[in-house]
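Heads up: the protein sequence lines correspond to chains H, B and W, in order. Count the first sequence with the working numbering and you get residues 516 to 728, in order. Count the second sequence with the working numbering and you get residues 16 to 321, in order. Count the third sequence with the working numbering and you get residues 40 to 717, in order.
Worth double-checking, as some hints may not be accurate.
[To be verified] Per label pair, the in silico range of CB-to-CB distance:
(1) W/Ile308 x H/Phe702: 32 to 38 Å
(2) H/Val578 x W/Thr105: 58 to 64 Å
(3) H/Phe702 x W/Asn700: 32 to 38 Å
[As the list claims (entries may be wrong)] If you want the ones that stay clear, here's a sample from chain W, every Cβ over 12 Å from chain B, calculated:
(4) Leu65
(5) Leu238
(6) Val253
(7) Phe485
(8) Val563
(9) Leu570
(10) Cys585
(11) Leu609
Bear in mind the hints are in silico, worked out from the structure with no lab data behind them. As the structure is a computational prediction, the values presented were derived from the model and not from experiment. Using N, Cα and C, we set each Cβ at its ideal position, and we do this for glycine too.
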Amino acid sequence: MISLLSSLVAALLLINLVALGTSRIATVVRAIAAQGVLLGLLAVAAHGSLNGRVLALALASIVLKGWLIPLILFRALRQVAIKREVEPSLGLLPSLLLGAFATVLAVVAGSHLPLAETRLAPLLVPASLATIAAGFILLTARRKAISQVLGYLVLENGIFIFGLLLVEAMPFLVEAGVLLDLFVGIFVLSIIIHHINREFASLDTRRMSLLKE
Amino acid sequence: MRPPLIAHLLVLVLLPPLLLGVINRTKSVFAGRRGPRILQPYHDILKLLRKEVALSATTTWVFVAAPVVALVTVVLAGLLVPLGPFAAPVAFAGDFVLFSYLLALGRFCTASAALDTGSPFEGMGAAREVGFAWLTEPVLLFAFLALARLAGSLSLDGMLRATEGGAWLERTAPLVLTAAGVFIVLLTECSRIPVDDPNTHLELTMIHEVMVLDHSGPLLGLVQYGAALKFFVLDVVLLHVMAPTARIDGWPGFALFILGLTGIAIGVGILESIMARLRLLHVPILLIAAVLSCGFAFLLLSGNTP
Amino acid sequence: MNSDAGLALLVAAGCILAMSGVPGLLLGWRSPWGARIATSATVLGSLLGLAGCALALGGMGAGAFTLPSPVPGGRLEFSVDALSGFFALPVFVVGCLGALYGVAYWPPAGNPRSGRRLRFCYGLLLGSITFVTLARDGIGFLVAWEVMALSGYFLVTADERSTDARRAGWLYLVYSHAGTLCLVGFFAVLARAGGDFALRPLVPGAAGLGVSTVLFGLAFIGFGIKAGVMPLHSWLPAAHASAPSHVSAVMSGVMLKMGIYGIVRATSILPLPPVFWGAALLVFGSLTTVLAIAFALGQRDLKRLLAYSSIENIGIILLGLGLAMVGRSEGRSDWVMLGLGGCLLHVWNHALFKSLLFFAAGSVVHATGTREIDRMGGLARRMPWTAGLFLLGSVAICGLPPLNGFVSEFLVYLGLARSALVPGSAWVALPAPALAATGALAVACFVKVFGVVFLGTPRSAATEGVHESPALMLVPMAVLGAACVLVGAAPLLVAPALERAVLVWAGGPLRGRSLAGLAPLGWVSMAAAALLIGTAVVLAAVVPACRRARLRQPGLATWGCGYAGGSARLQYTASSFAQLITARFAWVLLPKVHQPRIDRLFPAPAHFHSRVDDTVLDSVLMPGLRRLRGLAGRMRVYQQGNLQEYVLYIVAAIAILLLFNLRLDWLVTEICGNGGAR
């Protein structure tokens, strides 16, 4: 299954770059949805055996990340009625290049980390680190508050990949933790976006620095 | 040799006013006058003891008790010092601390009595008295420590014998410094020129005289007698530092000792005649010089040689 | 046996004292029974505690009583030995007398709510101090210490309406917690060296010189803050001045000594001290004594002055302890016995005379309504007993014979002088002249206080309507005064207790040495007796004449060199009395003087004002803190309120840590991988 695994990982990394390079919010949301579906497939491919736990995990990932959360996000976008552009503080091309560079670093660093597992680790660890880096770039280099949610989602995807390494070692805790985390995060962030928009009539986070004093 | 306590007490009680008389007579001779009799202070004190007391309404029992306590403290301090070849009646390790603190108790009482009158003059005298005392105490203590080091004894009786046995020849420098420091303490504690002028009654020149302005009758007599006694005791200490006094034993040595005391009194008289009083603000400098002098003497003596 | 009974009594006393204020809280503020129960419980607890201390000081064993500890890795252990009993005794004496005094000073009827809280915290303070002396492991010690500090805070701020009291409480709290921080560090390092948190002497090899010195430094700073060693003393004057007087008495007389107890206990468990520890104690002790009394001379507030005088006495105690430490390093048991004996006896003596002075000061403040010395005067006529007892306390605190202050200073002097006789160690005797200077400065200070407050003529309207304090305030003072006279006249009575306490500290090398053998305390008694008898005899001769004089001319005015028409305002004020001395110390006192400029022929009424603030606080710490705040303000540029920036900081931090870890691991594998076999 290694070749399937590596193609899935490659696809994930590509989707990261798409999320970083696009200028439309809707594209980013769809990219994250695609990532969610791929993660479900990754979960199955990584552990080969189709036992109940792995299947449940994959299903939960596909449904939640591929369908439910993008649905919530699109509804929020419609309610808020903002311009559908990304408005980056770091330009799109530079953030793309940065994401690529981070991917390379992730591959290099992944081989140096002192990890016990040797079968899945060389593929999953760099993917995870690269996705986390992409999530961070989205978080820091975009001005709209909704981009923070999206960056957070990508971040969670990256952590989920890392958690796949531990599925056999630990029981439901990892999955439950990850999914709960996600759920709470989206919930809270939606509320915050609603309030930011109400307060400032815009989702520009630069307005939030007025709260500094 | 230790004569009976009574003899020591008799000398302690009877001799001090004589020294005051010697000083006054010396000053008069220097000024070309005939001057008062040498025994005049005795007459003055006895006269005062016969007079009536006049107590101000502002004063309390502190005013009455203070001269008494001051006198008793100086008498007890006098019991701690040897008189020439005769050893001190009371001697124990650490009695030099008792000596210093008895004098301090006397000072406490006198200064309190001065503040009791509610007059600014007495307050001024008390302020100056306590303002200089904090510098004289370290001088005395450094001097005692230096002597203790020299004599290997912690009792005044032994310390003041430190100059026996050729110590002046071997350790001249520290002993000169110590003697100088103790001499300055004598002048300060007994309010003599150059620290204070005992003759005038002008506020600019008074420390001790002004503190006792309101005492009268027997109380004033006790005050003057106490002052004479304090001069005597400090004179004894100074003489012991300046010269080996136990070299000649027995009564002849004692007679020589009295002669030495008189000599120092004459020296003080001469100093009072040729010097003027220092400005008040310069007195602390003199005292700090005394502290450094005795301190340096102690340091010189505290090398590794026993 | 003896020590178990002693321990039981002390623990019972501590619990009763701690709980003494609780019924008052429960009974509601209208009922007078709360106050009565609190006072009776305090007296009962103190009596039990005194019995326990007597047993502890008499017996030699060490019973122990343990509780399971809430913190893993140890047990709560309480035990008593002669040293604990020694330090616990002033708690009971001063605490009991303070409670009685407080009934009249802070009457329940006049202060219903604050009185309840005051009595509760007072009891808690006494109880926690008892447990501090009994605790033998770090956790119990720190818990009791914190309770003591917090109850002290509530006591300092008892007078809620005063901004001074609030500021003083805040300062106290900050300093106290800084000290506790050092103590936590101390116990942590001790646990590392010794294996667990128990306060047990360390095995000589367990901690090297560096670790031992760190332990000593942490203990000295942490406990020194509580004891009020300069330059860590700035909380003391404010706190002791603002607290109610019986609380100030307990704080000065007992709580400061807990700092000393801590240093004594810490130095007893650290083996083989090097000479420079003792030398450091001697240096800090000398500086503290001389500078503190100089500060006291500059004060115009009665209780602040007494607080600075407490700091001076702490310096004297440190001198004794320093001498003992040097003696232990050099192997001289006589220095140890004399130095620590003087130190411990001064702990007791200071508790006695400082409490007496604070009680008397409280009476004066209570009667006149002001703490400023320059508004008082002539109070000895209207408060004769208070004046007499204050005089007793003043003579005692100056260390003058025949009272107890002289005995403890005598022991320290003797120890210091003995070192002058030893070639090569004469430097140890250098603090002795500093001590002498301090004694003379203390005489100046207390003549100033006594003279300006009680003697002379009244200086302001504050002294009108003043009357003598009630008996309930006078009796505790009289008891303390009698104790001062007793210890001064018969020091041999306390010598056995001192010896046992010193033995606990010094251990083996001291067996066979006795305090009475080293120090001629019998002669001191005889000197005191001679002084008292001589004074009595001469007074008997003089007093009849004086009495006749007063009857003959009752309304005579002071002659004062013939100046008629003197007014009360011509008298020397406190600051003018001390001016010669404060001028010489101006480089450290930094007095702030507001002087009018008189430049016309007929000048208008002018106003002169001088003030001595605490130099360490107002000239060093506050400007330093202000500068720090300015610097911190310039760091605000990193805090722009930009969310993305903050996330970037987090990312950067994580990246750095990750890289750091990777590099370390890489380095480790490089080094070990080359040499070892996988």
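Tested hints:
1. Hint check: W/Ile308 to H/Phe702, Cβ distance near 57 Å, so the stated range 32 to 38 Å is violated.
2. Against the hinted window of 58 to 64 Å, the Cβ-Cβ separation of H/Val578 and W/Thr105 comes to about 59 Å, which satisfies the hint.
3. Taking the beta carbon of each, H/Phe702 and W/Asn700 are about 34 Å apart, inside 32 to 38 Å as hinted.
4. No beta-carbon of chain B is positioned within 12 Å of the beta-carbon of W/Leu65; the least distance is around 49 Å.
5. The non-interface label for W/Leu238 is consistent with chain B: the shortest C-beta to C-beta separation is roughly 35 Å, beyond 12 Å.
6. The beta carbon of W/Val253 sits about 33 Å from the closest Cβ of chain B, which is more than 12 Å, so the claim that it is off the interface holds.
7. At the 12 Å boundary, the C-beta of W/Phe485 falls inside the reach of chain B, the nearest C-beta of that chain being 8 Å off.
8. W/Val563, annotated as away from the interface, has a beta carbon of chain B within 12 Å; the closest lies near 7 Å.
9. Remark: the non-interface label on W/Leu570 conflicts with the geometry, its nearest Cβ contact in chain B lying 6 Å away (cut-off 12 Å).
10. Look at W/Cys585: its CB is around 5 Å from the nearest CB on chain B, not clear of 12 Å, so calling it non-interface is violated.
11. Look at W/Leu609: its CB is around 5 Å from the nearest CB on chain B, not clear of 12 Å, so calling it non-interface is violated.
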